[in-house]
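Protein chains: 2
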Amino acid sequence: MRSPLCDAFGIDHPIFAFTPSEHVAAAVSRAGGLGVLGCVRFNDTDELERTLGWLDDNTDGKPYGVDVVMPMKVPTEGTSVDLQAMIPPEHLSFVERTLQQLGVPPLPEGEGRAGVLGWLHSVARSHVDVALAHRPVLIANALGSPPLDVIEKAHEHGVKVAALAGAAKHALSHVANGVDVIVAQGYEAGGHTGEIASMVLTPEIVDAVGPDVPVLGAGGIGSGRQIAASMALGAQGVWTGSIWLGTEEYQNLQSNEGWTEAFTRATSSDTVRTRIYTGKPARLLKTRWTEAWAADDAPEPLPMPLQNLLVAEAHNRINASGDPDVISMPIGQIVGRMNEVRPVAEVMADLVSGFADAVARLDKLRA
Amino acid sequence: MRSPLCDAFGIDHPIFAFTPSEHVAAAVSRAGGLGVLGCVRFNDTDELERTLGWLDDNTDGKPYGVDVVMPMKVPTEGTSVDLQAMIPPEHLSFVERTLQQLGVPPLPEGEGRAGVLGWLHSVARSHVDVALAHRPVLIANALGSPPLDVIEKAHEHGVKVAALAGAAKHALSHVANGVDVIVAQGYEAGGHTGEIASMVLTPEIVDAVGPDVPVLGAGGIGSGRQIAASMALGAQGVWTGSIWLGTEEYQNLQSNEGWTEAFTRATSSDTVRTRIYTGKPARLLKTRWTEAWAADDAPEPLPMPLQNLLVAEAHNRINASGDPDVISMPIGQIVGRMNEVRPVAEVMADLVSGFADAVARLDKLRA
Chain A
1 MRSPLCDAFG IDHPIFAFTP SEHVAAAVSR AGGLGVLGCV RFNDTDELER
51 TLGWLDDNTD GKPYGVDVVM PMKVPTEGTS VDLQAMIPPE HLSFVERTLQ
101 QLGVPPLPEG EGRAGVLGWL HSVARSHVDV ALAHRPVLIA NALGSPPLDV
151 IEKAHEHGVK VAALAGAAKH ALSHVANGVD VIVAQGYEAG GHTGEIASMV
201 LTPEIVDAVG PDVPVLGAGG IGSGRQIAAS MALGAQGVWT GSIWLGTEEY
251 QNLQSNEGWT EAFTRATSSD TVRTRIYTGK PARLLKTRWT EAWAADDAPE
301 PLPMPLQNLL VAEAHNRINA SGDPDVISMP IGQIVGRMNE VRPVAEVMAD
351 LVSGFADAVA RLDKLRA
Chain B
1 MRSPLCDAFG IDHPIFAFTP SEHVAAAVSR AGGLGVLGCV RFNDTDELER
51 TLGWLDDNTD GKPYGVDVVM PMKVPTEGTS VDLQAMIPPE HLSFVERTLQ
101 QLGVPPLPEG EGRAGVLGWL HSVARSHVDV ALAHRPVLIA NALGSPPLDV
151 IEKAHEHGVK VAALAGAAKH ALSHVANGVD VIVAQGYEAG GHTGEIASMV
201 LTPEIVDAVG PDVPVLGAGG IGSGRQIAAS MALGAQGVWT GSIWLGTEEY
251 QNLQSNEGWT EAFTRATSSD TVRTRIYTGK PARLLKTRWT EAWAADDAPE
301 PLPMPLQNLL VAEAHNRINA SGDPDVISMP IGQIVGRMNE VRPVAEVMAD
351 LVSGFADAVA RLDKLRA
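Top line first, the protein sequences correspond to chains A and B.
Residues 1 to 367 in our numbering are what the first sequence lists, from first letter to last.
Residues 1 to 367 in our numbering are what the second sequence lists, from first letter to last.
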């Protein structure tokens, strides 16, 4: 498939793949899509520096992008220690009590790490600075428009900026801020998401921003049929995420057996949209952990960035325990179709041929 | 556009239009789609008899369908009076108090009617009996499989049966029961709906039931682009509902200015999925009425059919008052694009030409 985005980004297929794994990102880019490395997990900028260096060397010269998490409005900030002090004791005791009830053991002595500091504005800014010293073609921001000076800096480096939008009015505001590509993030998507489903959201955003602003359809896309549907709705390409968790290359990052078992057996009904991951609504796999937070005795989630600091160590403990019934995993409704682990190149080939098949089938339905 | 459904039902376009208005249904059928008359509003079978007679005479010999609301499992039933006695006093007082707070006056002396008895199993059965004496080509059931003897009776009359499904497992069970056509009702749809969005639900159901069972995509469909998207996902046709409220022919049924103002100004964010209409989750326009039920002091909605009996007179009062801020209206997320009132034939022509445009555009995106 071809769209104007192919020329704009130097890619063969307008398939954008968000992933926390540099191995997946590199494999997608090598296969003709655009791998987009999620930076939020890098507390250590040196590690991000090394990882981007690895990407530079392992994409056969093909383009790649990076994804940061940066609210336009600077939120409550401070050192990790200051922020910890803002977390109410009842929240801390709920988390500890729940982990005990779910049978999640403490981390082994000496293991564990601080909360994911990438949710902090200052850390996200350092991600941008590190990335711009490499050769990304795109900086995507998972929380809408990044601050204006970040957009300007990216443009000075010849790097395009993408932003997620869950409503047409947000997309319009991103465009006014100078954002180049809108990711129309439908209700069915994993991670941060709004309430409007892709079938309605994508054409609304396409019409709102007009023909000069490319829109990527996001949410529920795991097959060539879904890419064809998204592009029938007016998208120039697609933004994918969940499906790359089910690839062999991803296993290099997250070798936890529990994750693979959890998403392999889940149906499309087994996700939930909740504020417990970051403080903003995000879709996660439905597990005993998300259900505990939905119970009557659970506290209200805290605002960003406090909620992620509250649950970060808990997530480390849960994921280290490997219990697929408790796992904490952002994932979209497409999880129901993620039933095996395959190489990235095979998934890409299926997306491309599935798109061609769907368009050929539609052609036959023309009167 | 053509699909095997066109031959199966004798229609030009595989566009199925659910509507409570015989005027809309007739106009859709005359324009080459399949108008499907919602029967739930007919408490009086004589009125349904007369209305179907009118349809027989006003569709230029073109086919039409009917839609009933019939749980497979017979629910709590009895006379209207018995059921009223099962409604807790706190629910009645909440409704009365809320109407007063929202400034909704009582109905004028002598006006008003009983609850919508079409939600009752026995009444829905009488709808089927009345319909089968006319010439519908389809009986659709808004609540999944109808009882087996109803399916058999329809088949004996050469009438096909359709059932709504919000998950693949429900679709499989409908097929096992003998249902002929599955309506894949996505999260974004108006009225009764599940949690899985069309982008994920439609291909799941298509793959689950296999190529011999036609699937109609439903939810969020108001343009030819969306029809193309739904058919790219594997649907053989589409099931539409909300968009027909915005037609001139509909105004014959519901002349309430408040409705038109309410849906014309609403955005796609202005709906809510709630149990307050019938006891089962259904998407409604978000108004001060739905918000009152979402407040902390509101009681839990009652199970079907009690909830509709509880709120039926309230809905009559609200709709008679014509206040667009309070209106009680099942509608899908596509409401954001319903911004003018047009003739049915014009809407149909746009759907058909929009489909052709979308497929032509997709063709150009093939490599």
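Everything labelled a hint here was simulated from the structure, so no lab data went into it.
Among the clues, some could well be false.
Remember, identical chains collapse to one label, so a pair may be satisfied in a single copy or spanning two.
Taking lysine-lysine and the DSSO-like style, the derived pairs with C-alpha atoms no more than 30 Å apart in a straight line are [unchecked claim]: (1) 364 / 286; (2) 280 / 62; (3) 280 / 364; (4) 280 / 153; (5) 364 / 153; (6) 73 / 364; (7) 286 / 62; (8) 160 / 73; (9) 169 / 62; (10) 160 / 286; (11) 62 / 364; (12) 73 / 62; (13) 286 / 153.
| Checked against the structure, which of the hints given earlier come out wrong? | Violated hints (numbers, rising): 1, 2, 3, 5, 6, 7, 9, 10, 12, 13; every other hint is consistent with the structure.
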